[in-house]
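A.B. asks: Spelled out, the chains give:
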Amino acid sequence: MNLLLKEIRRNPMLWLLAFVPVVFVAEHLLPDSPTMLFVLSVLAIVPLAALSSSATEAVASKTGDAVGGMLSATLGNLTELIIALMALRAGEYMLTKATMTGAIVTKSLFVLGASFLAGGLKHHVQEFNRAGARMQAGQLFLATVALLIPSAVGAADAVRTGDFTQNLSLSLAIMLLSIYSLGLLFSLKTHKEFFGSAERHGEEGGEPWPVGLALWVLGGVTILTALISDVFVASMQAAAKTMGITDAFVGFVIVALVGGIPEMAAAFSAARKDRLDISVSIALGSATQIAVCVVPVLVLLSYVMGPSPMTLQFWPGAVVMMLIATITATFVTNSGRSAWFVGALLIGVYLTFAITLFLLPPRAH
Amino acid sequence: MNLLLKEIRRNPMLWLLAFVPVVFVAEHLLPDSPTMLFVLSVLAIVPLAALSSSATEAVASKTGDAVGGMLSATLGNLTELIIALMALRAGEYMLTKATMTGAIVTKSLFVLGASFLAGGLKHHVQEFNRAGARMQAGQLFLATVALLIPSAVGAADAVRTGDFTQNLSLSLAIMLLSIYSLGLLFSLKTHKEFFGSAERHGEEGGEPWPVGLALWVLGGVTILTALISDVFVASMQAAAKTMGITDAFVGFVIVALVGGIPEMAAAFSAARKDRLDISVSIALGSATQIAVCVVPVLVLLSYVMGPSPMTLQFWPGAVVMMLIATITATFVTNSGRSAWFVGALLIGVYLTFAITLFLLPPRAH
Amino acid sequence: MNLLLKEIRRNPMLWLLAFVPVVFVAEHLLPDSPTMLFVLSVLAIVPLAALSSSATEAVASKTGDAVGGMLSATLGNLTELIIALMALRAGEYMLTKATMTGAIVTKSLFVLGASFLAGGLKHHVQEFNRAGARMQAGQLFLATVALLIPSAVGAADAVRTGDFTQNLSLSLAIMLLSIYSLGLLFSLKTHKEFFGSAERHGEEGGEPWPVGLALWVLGGVTILTALISDVFVASMQAAAKTMGITDAFVGFVIVALVGGIPEMAAAFSAARKDRLDISVSIALGSATQIAVCVVPVLVLLSYVMGPSPMTLQFWPGAVVMMLIATITATFVTNSGRSAWFVGALLIGVYLTFAITLFLLPPRAH
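Chains as they are written, first to last, in the numbering used here: chain R, 1 to 365; chain D, 1 to 365; chain L, 1 to 365.
It is worth saying that the hints were derived from the structure and are not from the lab.
One or more hints might be untrue.
[To be verified] To give an idea of the interface, some chain D residues facing chain L are shown, with a C-beta separation under 7 Å as derived from the structure:
#1 LEU142
#2 VAL145
#3 ALA146
#4 ILE149
#5 PHE164
#6 ASN167
#7 LEU168
#8 SER171
#9 LEU182
#10 PHE186
#11 HIS191
[To be verified] Computed Cβ-Cβ distance ranges for the label pairs, DEER-style:
#12 D:MET94 x R:VAL125: 47 to 55 Å
#13 D:LYS189 x L:LYS192: 36 to 44 Å
#14 D:VAL304 x L:LYS122: 38 to 46 Å
#15 R:SER335 x D:VAL125: 15 to 23 Å
#16 D:ILE174 x L:LYS241: 26 to 34 Å
#17 R:LEU300 x L:LEU301: 48 to 56 Å
Positions of the beta carbon are idealized from the N, C-alpha and C atoms, including for glycine.
All chains, full assembly: derive it from the sequences and hints.
C.D. replies: Next comes the structure, spelled out in structure tokens:
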């Protein structure tokens, strides 16, 4: 507990934890001010995401590479996962999908690009491990193809919805999860020497937490995040309407940036220390986990939790953005070298998407 | 003749030759059992494809690089060519095109991927000649673009069919054949030192055949394959309906896998011997030959043999699959290195397509 | 003046200057012969483009890298810019856009490909600086994405034209210009050592011009080009109709080839001298300048000069061609090595587009 307080004192981001109780109070006192609730819940999610990320790393560093890698994989995107689950339970599949694609695009363009920029402004040219980047870009590409096909076929023939798209989505989800397991086997077991330097990003800063504390924190954070995400999802649409922002922009840009703040902090700090391997691994690794693990898991869970099975049929614009993001990330990481302008280009591609979604008229899709 | 018997004894795949007479008998006795005829003709095509491949290599190894390369190019895909010609003569252009795109996708994703997997399960990391892979991926890319444009323009404006698409297809076919000739000139004459190690795949196993025998075998096999393909094409659609499989799946997946079995055997065995150059050359080289040689030749032949000129306008889904297959193969071969997971990723992309076609409702396209 | 005459005597392309007065005479005597005027104005534009290119380089070589680079960037594509401006003023946005996309595609496929071919026919294998090629391909890719999004969104929902597309185009134009400025900062200031060998292409042949002369020439050429472009734009559509050529083919192919002749001469001559760095820099650099500088500037200028704001919404076929051209150029320059067949492949892709546009029925788009 002492350690936890020390961590809170050390990390100013955690001071925002004060907003967690504020959200619950505000929810009861001001149920009719969605904009206020929306802003407060965003402010409360940020420190919870940071805590969850620290706790996951503390657990992972104790359990050894294989289990730890799996834990990071499962819990590293906890915030996005919980928001997506809340939306799933509410049957808001549009929001679930926007959150997922937004997270993939934001991580593979913005987090990667801003890391290159942050590192490049300090270091003239930076090098990083291509093997890891290539493997993750490869998985991301496969996942994008798997998400592209049902959308393309669905778009081509509006009649054949129902059974076909549903069976296809289920089969592809299982295929993606198999590839994900094989990928873990590859990077943690058979070829782990290629992924060496990228796995050590848990040991930075502060004293290590004991596992017991870390698990308690994880549990508590998960429950709090779930409760606040409920407020967030409920207030979001009304808030977006009040602020004149489109749903698509909120799901794609705001949720992804809010949920990704702790990751970004870690990626940017590593880039400035000239440890670009870690930044690339965080950015692409996290995007890959969402694409080949979280999204298929959500499809499977929708059979249990949702009002009806969720398919892998996405809004065509989302598929185009994912495809462009994946191809861009693949090109960019292919050389294993980076300078600040590469980061600027990646951010430029991201801005193209963000601007489009920001300007999109509300009832568009 | 003795040599031929020895080869048959040595290679268990050739024992399936017994099914060749069975097909002809069954065709007369059971003309109303398309499923049975379909299965029997598949079983009979496999050993004929294997024989044709051995005989071609025997001839090629005698005639020197230039003529030999051209022969392999023309005869290596004999089975697919004959099936496509049978469909062409019957005016079943849909089947012709499905067979061609299926062969391209299967070779550049499945054969390449399974080779990487087979080799990677035995060898930790494998290297191969990038120059050859790049050149073939480049030709494949050009061909995909040439096939994409008529389909895209045709899809955009349904009115302008007829003359425009036909003239465009004819012009592009001639352009592709010119590039193919230039490619042969490049790889067999002006820059042959870059393609060295990949050309020697005829000399494996067993005694070399005399050219006379090889030519007789080639002639006989061609006639038998033509006769059996006739049964195959005729029985296929009825059989597919009985078995509840879509036409698209049969043309795209089954024909391509059946016709490619001997190639696959050669590619996988080379990969396990750590001669990945040969596997890559078989997979991509064969896909390239179909795209820049066989397809344009079929367009030209349709003016002579078919009921009406065949265009290069493909089903949009087929173009998307070819484009994805080409880009994937280009990315993957770009580094010149491979491990088992790369193979798993390629097979994953292939499975995405195969699953989609398998689940596609029958009257879809 | 003496120097100018010497230059004219030295360079046979400049003898075509004789056609400049002929155009003005013909315009008054034969206002009803558009085909004649069209051909004459093409013949007159070629030497003006050559002169403008020499004069720009003379100025650039005097002012130092930073200002010189910016000048080359702004004036290097002067001919295309003036033609586009004339079309802009006349409100012929279709022609403006066709000219721009045609220039991008022609430079990144045809000029690059013909340079590789010209160099490769003389030298067995040529190497070039990958850093510069990658940076330019990256900017080109970003620009293509920025042009793809408004077209894709516009195509998806025909209702939402007007405000949305216009605001989006304006925002993206400003974003592209920012990236362009950052790119200049990167290549001319912070990382100029990577772009060393590609910047020296002004010093070839003949005596250097004094800056005063160069500026006078630039001014005169600009005015003459503007006057002749006026004739060119006015006569083009009537001429195209008479000759049975489509508008799209004229804008995309003929204007781009005519405007690019001096650039091509420089690029091919450098390639044959085994200075492929210069050729790649001319081809991709010029394409990049149009995509991330000229096109956005035209969007901004359309608010002042045009009858209504020009958007970044392009004909879908144009976007597909730009995307394919960009991806092809990226693949091809990725290895930093070239041989003649690579050039043949690039020209093959270009021919696919040119043939399609040539055959396209006139009232198609």
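A.B. asks: Checking against the hints above, which ones are violated?
C.D. replies: none
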